[in-house]
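Given the structure of chain L, go ahead and fit chain E onto it with the hints provided.
One letter stands for each residue in the lines below.
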Amino acid sequence: MVIDIQEQNGGMVAIFEGRLDTPAAVKAQQEVAPLMENADKQITLDCTKLEYISSSGLRLFLALRKETATKGGKVIITNINDDIKKVFQMTGFFNLFEIRND
Amino acid sequence: MLDSFIFLGLNWQAWITIISIFSILIVMAKTHVPPEIAFLGSLTVLVTAGVVTEAEGMAGFGSEPVVVHAAFFVVMAGLMQTGVLYWLTKNLLGTPKDYKEAIVKLMVPIASLSAFLNAVNVVALFIDVVKIWARQIKTVPSRLLVPLSYAATLGGSCTLIGNSSNLVISGLYADQTGYSLDFFAPLVPGLFCTTVGIILVLLFRNMIPCRETPESSFESTSDYTVELLVPTENNAVGLTVDEAGLRNVHGGSLIEIVRFDKEIITPVPSDEFILGGDRLIFAGQINEILELKRTHGLVAADHHVYSINEIDNDRKLRTAYVGFGSDLINSRMSENGFEHHTDMVLVAVARQGRRVEGQPREVKLEAGDTLLLECPPKDDREIETLTKGSLTFFDSHFVPELGPKTVVASIILVVMFLLSTFHILPLMATTMLAAGAMLIFKCCRMTKVTRYIEWELLLILGATVVFSTAITKTGIADIIANNVLSICGHNPYIIMIVMCLLASLVSEFVSDVGASGVFFPIVYREAIALGCDPMPFVISLMLAVTTSFASPIGSSTHMLIYGPGGFRFTDFLRIGIWMHIALLAANIFIVNLVYPL
Chain L
1 MVIDIQEQNG
11 GMVAIFEGRL
21 DTPAAVKAQQ
31 EVAPLMENAD
41 KQITLDCTKL
51 EYISSSGLRL
61 FLALRKETAT
71 KGGKVIITNI
81 NDDIKKVFQM
91 TGFFNLFEIR
101 ND
Chain E
1 MLDSFIFLGL
11 NWQAWITIIS
21 IFSILIVMAK
31 THVPPEIAFL
41 GSLTVLVTAG
51 VVTEAEGMAG
61 FGSEPVVVHA
71 AFFVVMAGLM
81 QTGVLYWLTK
91 NLLGTPKDYK
101 EAIVKLMVPI
111 ASLSAFLNAV
121 NVVALFIDVV
131 KIWARQIKTV
141 PSRLLVPLSY
151 AATLGGSCTL
161 IGNSSNLVIS
171 GLYADQTGYS
181 LDFFAPLVPG
191 LFCTTVGIIL
201 VLLFRNMIPC
211 RETPESSFES
221 TSDYTVELLV
231 PTENNAVGLT
241 VDEAGLRNVH
251 GGSLIEIVRF
261 DKEIITPVPS
271 DEFILGGDRL
281 IFAGQINEIL
291 ELKRTHGLVA
301 ADHHVYSINE
311 IDNDRKLRTA
321 YVGFGSDLIN
331 SRMSENGFEH
341 HTDMVLVAVA
351 RQGRRVEGQP
361 REVKLEAGDT
371 LLLECPPKDD
381 REIETLTKGS
391 LTFFDSHFVP
401 ELGPKTVVAS
411 IILVVMFLLS
421 TFHILPLMAT
431 TMLAAGAMLI
441 FKCCRMTKVT
451 RYIEWELLLI
461 LGATVVFSTA
471 ITKTGIADII
481 ANNVLSICGH
491 NPYIIMIVMC
501 LLASLVSEFV
511 SDVGASGVFF
521 PIVYREAIAL
531 GCDPMPFVIS
541 LMLAVTTSFA
551 SPIGSSTHML
561 IYGPGGFRFT
571 DFLRIGIWMH
581 IALLAANIFI
591 VNLVYPL
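From first to last, the protein sequence lines stand for chains L and E.
Going by the working numbering, the residue at position 57 of the first sequence is 57; the numbering climbs one at a time, nothing skipped.
Going by the working numbering, the residue at position 391 of the second sequence is 391; the numbering climbs one at a time, nothing skipped.
This is chain L alone, in the form it adopts within the complex (with noise of 0.2 angstroms):
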């Protein structure tokens, strides 16, 4: 599990590749700090190269949208795979994200 994150047009992104299993989901959380110091802005997670995502990664992302609920910024999702899809689908995420499709 590689996330690579940059600042791009005064937002964050974060492009995830991978699987984000739960073993990665913990040292992830380490890896995401810099995201949730700038929760005011907008971070985009770039999904296109994410594989396959648990529970405990969807809960990350959770944590990013409350963090930046309450600073103001905004989390975008994009390109997102069809099993993921399925997962969102199931977990209530797409009544909870806005997901793009490049």
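Don't read these hints as lab results, they were simulated from the structure.
One should not assume that every hint holds.
What follows is a list of derived Cβ distance ranges for each label pair [claimed, not checked]:
| # | chain 1 | residue 1 | chain 2 | residue 2 | range |
| --- | --- | --- | --- | --- | --- |
| 1 | E | N330 | L | G18 | 12 to 22 angstroms |
| 2 | L | V2 | E | I37 | 50 to 60 angstroms |
| 3 | E | K388 | L | V2 | 29 to 39 angstroms |
| 4 | E | N336 | L | N95 | 27 to 37 angstroms |
| 5 | E | N336 | L | Q89 | 22 to 32 angstroms |
| 6 | L | N81 | E | A29 | 34 to 44 angstroms |
| 7 | E | R381 | L | G18 | 48 to 58 angstroms |
| 8 | E | R445 | L | G18 | 23 to 33 angstroms |
| 9 | E | N309 | L | V2 | 36 to 46 angstroms |
| 10 | E | W455 | L | G18 | 53 to 63 angstroms |
| 11 | L | V2 | E | S253 | 34 to 44 angstroms |
| 12 | E | D379 | L | G18 | 49 to 59 angstroms |
List of simulated lysine-lysine pairs, DSSO-like, C-alpha gap at most 27 angstroms [what the hints assert, rightly or not]:
| # | chain 1 | residue 1 | chain 2 | residue 2 |
| --- | --- | --- | --- | --- |
| 13 | E | K90 | E | K30 |
| 14 | L | K66 | L | K86 |
| 15 | E | K262 | L | K49 |
| 16 | L | K41 | L | K74 |
| 17 | L | K85 | L | K41 |
| 18 | L | K86 | E | K293 |
| 19 | E | K262 | L | K85 |
| 20 | E | K388 | E | K364 |
| 21 | E | K90 | E | K442 |
| 22 | E | K138 | E | K100 |
| 23 | L | K27 | L | K86 |
| 24 | L | K49 | L | K66 |
| 25 | E | K293 | E | K316 |
| 26 | E | K364 | E | K405 |
| 27 | E | K448 | E | K90 |
| 28 | E | K442 | E | K405 |
| 29 | E | K448 | E | K364 |
| 30 | E | K262 | L | K27 |
| 31 | L | K86 | E | K262 |
| 32 | E | K262 | L | K66 |
| 33 | E | K293 | L | K66 |
With the Cβ distance kept under 10 angstroms, some of the chain E side facing chain L (calculated, not the full set) [as the list claims (entries may be wrong)]:
| # | residue |
| --- | --- |
| 34 | E36 |
| 35 | E263 |
| 36 | T266 |
Just so you know, even glycine gets a beta-carbon here, dropped at the ideal spot from N, CA and C.
The following block gives chain E in isolation, referenced to the frame of chain L:
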């Protein structure tokens, strides 16, 4: 000389036998090893060590008690499936006005019935009826279940087939003497003890414990585990458990979250997020937790649910228990497909009135478990037909159809009793004949008939007979008999009292069947040594081993009411001790009157 000093006069075979018997006791008391395994294990030791020959070791399984029991299970299945037993339960008991009257109206017919059917079967049959009765006279079932158990065992002591131990003793007697006991040999002493027993229960009725029953404990007791699902569209999705007000809820708390990918979060931190598809496991008072369905839009479901609107509002909760022989035993609801097949959802599981840790749908079910199920809005009877062979509902509406087969099954039963009572055929032959007749006349289905046979009991019975052989063969019976005679003198009355006391005490800790197997050879040897007729000794032993009512282990009928009555282990002690002493006295008195020495 050295031998008699070291081994107390017993040879090594005798010691192996003694050690084997005590090992069974210890294994049964201290471990969860099933009793039949303990018995068979010890039997293996006896055969391997050469204490009994292979033929002797296997002879037990073809002995009268085992064969009669096996055949009788089939007869009972026929009586059950044709509605004979249903008819009896509906029509045998009247409507009592108060508790005192209820005891009499319950005990007299139950005692009469269990003289002709097996006492254990009678108790199993009447547990549910007694519960309904208890509601009518506004008392807890436990107050009527104890009299039920007493009546069945006491009534069962009146004939050879009423109690398993009677059959064991009569079988051993036939082996020793070559003469079979009369079917009604224990009738008069048994009747007397039954009468004394009923009067005693009436007198001591205040000592019968009041206990909440498992199914009512779903409503009243706290501490049950309830599983509810978060639908996708639920408002709580994306919030933390605290924000959603789902952590500490009225009447309970959230102890576990099971995610869609089976990840389990326990304990649940206050900032844990809720996702659609989460299964929330609450512990607490069931009724109040189930309110969360209304207040928080949670649902009970076996599959994923997107919106609460998918769930029918008319679904209702019913309690059922997993019966012996149910196909749900040893399976998990999440895996066995039962919920999908029946459109029911398991909400909570209770075992012996206590909550079972963890996710209800992941619990490996056991016989006797009480389940709280959310049922589809179908006709109750339709649901019961659907779940037949798996569950028995506490508020059962199931009625076997009464018809020509009911009459046929009753006739088979009556003919069986007539044939054995008038010695036209031996007991073993008549019960086998009756079982065959039940099958031929289609009173019970051939395909599932072996399910009704309690193989575990048959194995224990078979092993018990072998132990009895070993006790006689190795000289243990002779030595104990001679020692008791040398200590207690040669007064047959004193010997009888001492032996009954010992046998009934031992039978408090092992089953009545086990105690009769061990004590029969000893008592028989003593009678012979005293030059007395063994008959009074044998009959008094029959009564002594069955009147052990102070613990649930000693009495097979107590064991049966233990779960449904919500009893604790020591509950039977208070009234049981007095019953034990009084019935022992009644036993000695009446046996000596009917069969004078």
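Any hints from earlier that this structure breaks? Give me their numbers in increasing order, please. 1, 3, 6, 8, 13, 26, 34, 36
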